Each structure stands twice: as structure tokens, then as C-alpha cells.
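Quick note, the sequences are listed as chains B and P, same order. Everything in the first sequence is counted per the numbering used here, starting at 1 for the first residue and increasing by one. Everything in the second sequence is counted per the numbering used here, starting at 1 for the first residue and increasing by one.
Just so you know, these hints were derived from the structure itself, not from any lab. Fair warning: this is a prediction, and the values are worked out from it, not measured in the lab. Where is the CB? At the ideal position from N, CA and C, for every residue including glycine. Any given hint might turn out to be false.
Claimed, not checked - Which bits of chain B does chain P cover? Going by a derived footprint, with three or more residues having C-beta under 8 Å, they are:
| id | segment |
| --- | --- |
| 1 | 69-75 |
| 2 | 81-89 |
| 3 | 93-105 |
Stated by the list, open to error - Here are some chain P residues pointing at chain B (derived, C-beta under 7 Å):
| id | residue |
| --- | --- |
| 4 | V32 |
| 5 | Y33 |
| 6 | G36 |
| 7 | L41 |
| 8 | W44 |
| 9 | D48 |
| 10 | I51 |
| 11 | H55 |
| 12 | G118 |
| 13 | L120 |
| 14 | A121 |
| 15 | Y145 |
Claimed, not checked - From the derived model, a few chain P residues whose C-beta atoms are all more than 12 Å from chain B:
| id | residue |
| --- | --- |
| 16 | F110 |
| 17 | E135 |
| 18 | E138 |
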Amino acid sequence: MAAGLKTVILLSFVLAVGFLLIILSCALWANWLPLLVALTFVLAPLPNALFGRFNADDFSAEYEGSGPADVGRFLTSMIVVTGFALPIVLAHSEVIRPAACVMSIIGGGLVYGTILAYTAAFRQDESDFD
Amino acid sequence: MSLPRGNYDPRRVCVNPFPNLSLDKHKRAIGVYVAGALFALASWQFWDAAILSRHTPDPEVHVTFVDWVPGICSVLGFIIVNLIDKDRIKGEDSFSGEGGAVWRARLFLFIGFAFMAGGLAGSIALHVLKYYLQEFPEQFLYYGYANMSQNVCFMLSAVILWLAQSSSSEYEYNLTL
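The whole structure should be built from the sequences, with the hints applied where relevant.
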């Protein structure tokens with residue numbers, strides 16, 4: 001339990017740093033467009049979580065070939081690439097500064113990595129109880 | 001003509017059989033992820049060119065609706081190709097008695113791939129006619145390059161998605177046997 005508590009504290013710290021970087025990248029140049037990156041990365045695991053239920057309810061556990069699960073994976077991967085591409089596109093057309101682009105990409109990567117790591121840790125704990 | 005006549009099917013289109021890759025389920029998931037990433041990458045490459053064209057001061061040439069047409073064709077072809085049931089293409093008629101379903105599935109597959117190839121060829125033609133032959137500076141040639149790589153990425157995405165899903169249908173087939 002103590003290790004789980006440490007993991008949660010560490011992950012929340014990383015999440016805070018990620019949001020701090022994104023908000024700094026907006027506030028330092030008074031241009032709030034990079035905030036879309038945070039929204040994108042928060043939305044990224046949503047299709048997988050929604051469409052993953054189609055796999056979980058199936059009674060044959062090892063068969064992982066349903067169409068809805070593939071739709072979820074496709075959408076998730078699209079949203080993740082969108083989150084990385086959006087600041088690059090904005091910086092390329094000189095709407096935001098290159099420094100803001102780099103900061104928002106690093107922040108978004110930290111936020112998404114936190115979500116992924118939290119999901120993985122949670123799943124591991126769940127399988128321990130089984 | 002020393003073809004193996006044993007498993008010869010007269011309704012087959014090609015001499016070489018349809019490629020069957022036996023990947024496990026994790027490779028299927030990875031393939032779908034890669035296909036989605038390529039799809040988004042293709043879209044963003046073109047949107048980057050469009051946004052850049054909008055924000056460039058006193059441009060000589062704009063990204064107009066003509067530049068959008070090859071991408072729209074590719075997306076239509078992508079949708080058509082991926083809506084086809086993969087088992088019908090192979091012609092293993094465990095469920096279709098008259099073979100009409102196989103014929104129609106192959107026709108729609110052809111239409112889908114024709115749309116995608118048309119999009120790719122259209123993007124190359126657009127690059128040559130609109131940007132390359134007009135002697136624009138390098139800054140504007142980027143719009144044409146972005147359009148071409150957009151359509152190449154759409155086609156790669158469709159191919160990877162097809163391979164990932166068709167490998168899994170073979171896996172399911174083995175399980176149900």
C-alpha cells in the first residue's frame with residue numbers, strides 16, 4: 001500500500017509539473033492557444049476507455065479482435081498525434097513562439113504519460129486482487 | 001506452366017494468393033495504433049500548409065479548395081476500403097452460395113483503391129501544375145510537398161490497417177476451427 005501511495009504522489013507531482021509547463025507556455029507570451037494541448041491530451045485516453053468495454057464484456061477473454069476496440073485505438077492514436085502536431089503547426093505559422101511550442105509539447109507529454117502510468121499501475125493493482 | 005493445380009480456384013483473380021500474415025493480437029493493436037497515427041499525421045501535414053498559407057504576408061499563391069480535393073478523394077477511398085468485409089475478398093465461400101457477394105466486394109475494393117490512387121496521382125499532378133511549373137520560390141513549393149506526403153500517408157495508413165485487421169481474421173479463423 002505504501003508503494004501505491006508513493007506512486008500516486010509521484011504521479012500527481014508529475015501531472016502538476018506538466019500542467020505548470022503548459023500554463024507557463026500560455027501565460028509567458030499572453031497567448032492562450034497552447035491550452036488546447038492540455039485539453040487534447042486529457043481527452044486522449046477517452047476513446048480507448050469507452051470502446052474497451054466491448055472487449056471486457058466479451059466472455060472469451062483471449063479473443064481481442066472486435067471492431068469497436070479498433071475504433072477506440074484508432075481515435076486514441078489520432079488524438080495523441082494531434083496533441084503533438086498542434087503546437088508544431090502553431091509555431092510553424094508563427095502564431096506562438098517556438099519556446100512555447102517546446103514547453104507545451106513537454107507538458108502535454110508529461111500529462112499523457114501520467115495518465116498512461118496511472119492506468120497501468122491501477123490495472124496491476126486490480127490483477128493482484130484477482 | 002507448372003502451377004500447383006491442387007488448390008486452384010477458378011474464381012481467383014491473382015495467381016499469387018492473398019497475403020496471410022499471422023501476427024498475434026498485440027501486433028494487431030500496434031498496427032491499428034500506427035494506422036491512426038499516420039492518419040492524423042497526414043491530416044496535420046496538409047492543415048499545416050493551409051494554416052501557413054493563411055498566415056504568410058503578401059503570398060504569391062494561396063492554398064485553395066483545389067488543394068483539398070486529393071485529400072478528400074483519399075479519405076473517401078480509405079473509408080470505402082475499410083468498410084469491406086475482409087473474408088469476402090478471399091472468396092472462401094463458406095457463406096455465399098452464388099459468388100455474387102465476392103464479385104461485389106471486389107468491385108467496391110477496386111473503387112476504393114482507385115479513389116486512393118486517384119488522390120495520390122492528383123496530388124502529384126497538383127504539385128507539378130500549380131507549384132512546380134510556376135517557378136515559385138521554395139517557400140511555396142512546400143504546399144505541394146505537404147499535399148503529396150499527405151496522400152502517401154493516407155495510403156500507408158490504409159495498408160497498415162488492412163494488414164493488421166486481416167491478420168486478426170485469420171487468427172479468429174484458427175481459433176474457431
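Hint by hint, here is what the structure shows:
Counting residues of the segment 69-75 of chain B whose CB lies closer than 8 Å to any CB of chain P gives 4, which reaches the minimum of 3, so the coverage claim holds. With 6 residues carrying a beta carbon less than 8 Å from a beta carbon of chain P, the segment 81-89 of chain B meets the three-residue requirement, and the given coverage holds. Coverage of the segment 93-105 of chain B by chain P holds in this model, with 3 residues showing a Cβ closer than 8 Å to a Cβ of that chain against a need of three. Checking V32 (chain P) against chain B by beta carbon gives a least distance of about 4 Å; that is within 7 Å, so the hint holds.
Against a cut-off of 7 Å between C-beta atoms, the interface hint on Y33 (chain P) holds, since the closest Cβ of chain B lies about 4 Å away. With a least beta-carbon distance of about 3 Å to chain B, the hint placing G36 (chain P) at the interface is held under the 7 Å criterion. Satisfaction of the interface hint for L41 (chain P) is found here, the shortest Cβ-Cβ separation to chain B being roughly 6 Å, below the 7 Å cut-off. Interface hint status for W44 (chain P): upheld, as the beta-carbon distance to the closest one in chain B is roughly 4 Å, under 7 Å.
Below 7 Å, beta-carbon pairs count as interface contacts, and D48 (chain P) has one with chain B at about 5 Å; its hint therefore holds. At about 5 Å, the closest approach between the beta carbon of I51 (chain P) and any beta carbon in chain B falls short of 7 Å, and the interface hint on this residue holds. With 7 Å as the threshold, the beta carbon of H55 (chain P) comes within range of chain B, its nearest partner Cβ sitting at about 4 Å, so the hint holds. The interface hint given for G118 (chain P) is broken, as the beta carbon of that residue sits about 23 Å from the closest beta carbon of chain B, more than 7 Å.
With a least beta-carbon distance of about 21 Å to chain B, the hint placing L120 (chain P) at the interface is violated under the 7 Å criterion. The restraint placing A121 (chain P) at the interface with chain B is violated, with a minimum CB-CB distance near 26 Å, outside the 7 Å limit. Hint status for Y145 (chain P): violated, given a least beta-carbon distance of 14 Å to chain B, over 7 Å. No beta-carbon of chain B comes within 12 Å of the beta-carbon of F110 (chain P); the shortest separation is about 23 Å.
The non-interface label for E135 (chain P) is consistent with chain B: the shortest C-beta to C-beta separation is roughly 24 Å, beyond 12 Å. Against the 12 Å criterion, E138 (chain P) stays outside the reach of chain B, whose nearest CB is about 15 Å from its own CB.
Violation of the numbered hints given earlier is confined to hints 12, 13, 14, 15; the remaining hints are satisfied by the structure.
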